[in-house]
Amino acid sequence: MSARKTAGKLSILFILGVLALSFIAIVSMDAAALGISVNVETEYAPNITRQFNICFRNSKNIPDEIMVTVEGPLKDYITLDFEPRFVLQPLETVCQSYYAHMPAEMKQAGRVATHIVATEIPEESDNGGFNFNIVVSVMHRHIWNVPYPGKYFDFTFDSFNAREGEPARFVLEGISRGTEMVKKVSGYAEIFDAISGKMVGSVQFTEAVYVNPLDKVKLKASWDTKGQKPGAYMVKAYFDYDEKSEYYERFFQIGELRVDVVNYTKTAYNDSINKFEIEVLSNWNDPVTDLYAEVTVKRGTYEYHFTTPVTPVKPFGSAVIRSFWETKGTDVGMHDIEIELLYSNATSITTGQLEVVPKPEEKPAPVNTTTLLIVIFIIMAILNAWWLMRNRGRKEQAENKQVA
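Take the sequence shown: its position 214, counted from the start at 1, is 259 in this note's numbering, and no numbers get skipped.
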């Protein structure tokens, strides 16, 4: 009875799983079948009306009736220049237009968004019963950039990796989103070793002056990395625009994270399990904790592959990766070897050769001096005991003769 119940439950779960996957597949196909134009972003200007285009696409092979609505904080300012309910013919794309009426003032500042939504209208059931339909909606996002009162900037700050010995670049880009002119934008940055936290340098950025609303700025700085070790660094950047300020932190790196093979085991005995060692050296100022190797040995049709255990390496340190491999099935002679190091989403490959030599004949181990002395001592003890017992026996025989 228990087995039947279990089988019944498994059957129900299987059916539910199939239905769920089918539902997801149907929804995905339907969602991809109805399309709408990409988003629109525009600058707010008082008492201005602007016209925008919007397109709808039906990728199905059957007609698709849709209803278009406007939702969000700007819906009262958006007017559709077409009937909101219409039919898209099979594989048809229809482009329409709508108007954005910008008022004299806006209470909300920043990026204000509203949505134009196209929703499929489900078919009605012919027999008056239940009709299962999947209704799909797609959205077109319409955004106004409304200025902030006073002085305000939208900034993005980026740091860029540098090759060893080449300058590291830092860039601040921004657009004035306030209602007032900014007299000057300036800044500086401090650079730190990301591991030790020690400050290793500083830079001054270029400046921008007399920045009007909606004007863009781009401040640059570069840091000379000569004499700096490869590794991870952090930049702390400080910017001022008139009486306001901004602060950013970013990580960047000098050089490339690299672990090199310094040496590896170059000989092995045939028909044996052999120890294999790889000596590696890291050029990075951070520990490498996930280092391991994929090793392939080849000779003719013979190929042997093995993976080593994970071995950590200290900053700018060396380590030995240890593993074992079996030479059964190959011949004596030179073999090609490929060592692929894998670590921190990086790889490095080293190729070379390894020689398989005949397994030496096992010879009896030479007798150890200590062992020899122990054996001699045991023999002498046995002889001494035998001698004592022999003398005792003779003495007893002599005494017995005297008594008789």
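Treat each hint with caution, since some may be false.
To be verified - Keeping only pairs whose Cα atoms sit at most 30 Å apart, straight-line, the calculated DSSO-like set for lysine-lysine is:
hint: 1; residue 1: K261; residue 2: K343
hint: 2; residue 1: K152; residue 2: K120
hint: 3; residue 1: K373; residue 2: K343
hint: 4; residue 1: K105; residue 2: K152
hint: 5; residue 1: K311; residue 2: K228
hint: 6; residue 1: K271; residue 2: K228
Said to hold, decoys possible - Here are the simulated distance ranges between beta carbons:
hint: 7; residue 1: T341; residue 2: S247; range: 45 to 51 Å
hint: 8; residue 1: E225; residue 2: E294; range: 24 to 30 Å
hint: 9; residue 1: Q398; residue 2: K243; range: 53 to 59 Å
hint: 10; residue 1: K120; residue 2: F205; range: 39 to 45 Å
hint: 11; residue 1: K243; residue 2: N98; range: 53 to 59 Å
hint: 12; residue 1: R295; residue 2: D376; range: 55 to 61 Å
hint: 13; residue 1: F127; residue 2: M226; range: 24 to 30 Å
hint: 14; residue 1: F205; residue 2: E225; range: 31 to 37 Å
hint: 15; residue 1: S247; residue 2: M226; range: 41 to 47 Å
hint: 16; residue 1: R295; residue 2: M226; range: 27 to 33 Å
hint: 17; residue 1: K263; residue 2: V307; range: 40 to 46 Å
hint: 18; residue 1: E209; residue 2: E116; range: 52 to 58 Å
Note that these hints are calculated values from the structure, not bench results. Glycine included, each C-beta is placed from N, C-alpha and C at the ideal position.
A quick look at each hint next to the structure:
1. Distance restraint check for K261 and K343: the Cα-Cα separation of roughly 60 Å exceeds the 30 Å cut-off, and the hinted pair is therefore not satisfied.
2. Between K152 and K120 the alpha-carbon distance is near 15 Å, which keeps this suggested pair within the 30 Å criterion.
3. Of the supplied pair hints, the one linking K373 and K343 holds, its CA atoms being roughly 13 Å apart against a limit of 30 Å.
4. With a CA separation close to 43 Å, the supplied pair K105 and K152 exceeds the 30 Å bound.
5. At most 30 Å may separate the alpha-carbon atoms for a hinted pair to count; K311 and K228 exceed this at roughly 69 Å.
6. Using a Cα cut-off of 30 Å, the hinted pair K271 and K228 is violated, with the two alpha carbons roughly 36 Å apart.
7. One distance hint, 45 to 51 Å for the beta-carbon pair T341 and S247, holds here, with the actual separation near 48 Å.
8. Separation of E225 from E294 is about 28 Å and conforms to the stated range, judged on CB atoms against 24 to 30 Å.
9. Distance hint check: the CB atoms of Q398 and K243 are about 44 Å apart, inconsistent with the given range 53 to 59 Å.
10. Hint check: K120 to F205, Cβ distance near 42 Å, so the stated range 39 to 45 Å holds.
11. Range check, K243 to N98: about 56 Å between beta-carbon atoms, so the 53 to 59 Å window is met.
12. Separation of R295 from D376 is about 56 Å and conforms to the stated range, judged on CB atoms against 55 to 61 Å.
13. For the hinted restraint 24 to 30 Å between F127 and M226, the CB-CB distance of approximately 41 Å leaves it violated.
14. Distance hint check for F205 and E225: the Cβ-Cβ separation is about 32 Å, which falls inside the suggested range of 31 to 37 Å.
15. Distance hint for S247 and M226: a CB-CB separation of about 30 Å, inconsistent with the stated range 41 to 47 Å.
16. Separated by about 29 Å at the C-beta atoms, R295 and M226 satisfy the suggested range of 27 to 33 Å.
17. Restraint check, K263 to V307: a C-beta distance of roughly 45 Å satisfies the suggested window 40 to 46 Å.
18. The hint said 52 to 58 Å for the Cβ distance between E209 and E116, and at roughly 54 Å that hint holds.
When held up to the earlier numbered hints, the structure conflicts with 1, 4, 5, 6, 9, 13 and 15 and fits the remainder.
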